[in-house]
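Chemist: Once you know that position 51 of the sequence shown is 231 in this note's numbering, the rest is easy, because the numbers rise by one and skip nothing.
Hints are computed from structural coordinates only; laboratory data are not their basis.
Positions of the beta carbon are idealized from the N, C-alpha and C atoms, including for glycine.
Among these hints, one or two may not hold up.
Cut-off 27 Å, straight-line C-alpha distance, at most; resulting in silico cross-link-like pairs (DSSO-like, lysine-lysine) [stated by the list, open to error]:
1) K211 / K260
2) K260 / K199
3) K211 / K199
Distance ranges between label pairs, derived from CB positions [unchecked claim]:
4) A334 / D258: 38 to 46 Å
5) Q189 / D209: 34 to 42 Å
6) N330 / G269: 36 to 44 Å
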Amino acid sequence: QSSIIFTGQTTYSTGSNPKSLNAVDINGDGKPDIIVVNSGSNNVGVLLNIGNGTFAAQTTYSTGDRPNSVVAADVNGDGKPDIIVVNSGSNNVSVLINIGNGTFAAQMTYSTGTGPYEATAADVNGDGKPDIIVVNYLSNNVSVLLNIGNGTFAAQTTYSTGNGPDSVVAVDVNGDNKTDIIVANFGSNNVGVLLNYC
């Protein structure tokens with residue numbers, strides 16, 4: 181069995197206190213780019229892959245206060261991944277629409293519960309469009325924001341969780357072809373499963 185060897189790291193500057201990452205092909209060139217939320221500078225940085233494992237300097241886009249988590253999903257059905265950012269300090273999520281060539285429109289914000297911590301994007305109502313699911317650490321609930329088309333979302337519907345939910349997964353757990361929700365309840369020492377009866 182051959183050994184595995186990595187080079188020493190090459191670093192790329194971000195904003196202050198980078199908190200969460202995603203890697204996805206933003207500009208359609210077949211190469212994964214980097215998306216990073218900068219919690220201390222209230223923005224999200226996009227570093228485009230320029231080939232050979234190297235990246236361009238970040239381009240930043242404003243978010244809400246204390247962005248904590250980032251998700252990439254095509255929310256408007258144009259085949260390009262958009263950015264969803266969870267803003268823990270402003271109790272909302274930012275949606276930044278990919279307008280092509282690796283650039284994004286200014287954020288649109290949607291209210292969540294208190295202290296949103298992490299999100300995922302999944303189709304919960306079977307219409308083929310990704311919805312936003314957010315766990316709210318301080319209000320002990322999970323928000324579901326339905327995608328109403330063109331990259332816009334309805335106001336949240338909330339469901340109770342245990343104490344301090346800080347992680348969320350969306351998956352069909354009972355084989356009925358509907359997306360269910362699993363949350364990790366940090367303060368309750370358990371996981372909660374919310375079955376989808378849509």
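Chemist: Each of the hints needs a verdict: does it hold here or not?
Modeler: Here's how the hints hold up against the structure:
| no. | hint | result |
| --- | --- | --- |
| 1 | K211 / K260 | holds (13 Å) |
| 2 | K260 / K199 | holds (24 Å) |
| 3 | K211 / K199 | holds (23 Å) |
| 4 | A334 / D258: 38 to 46 Å | violated (20 Å) |
| 5 | Q189 / D209: 34 to 42 Å | violated (24 Å) |
| 6 | N330 / G269: 36 to 44 Å | violated (28 Å) |
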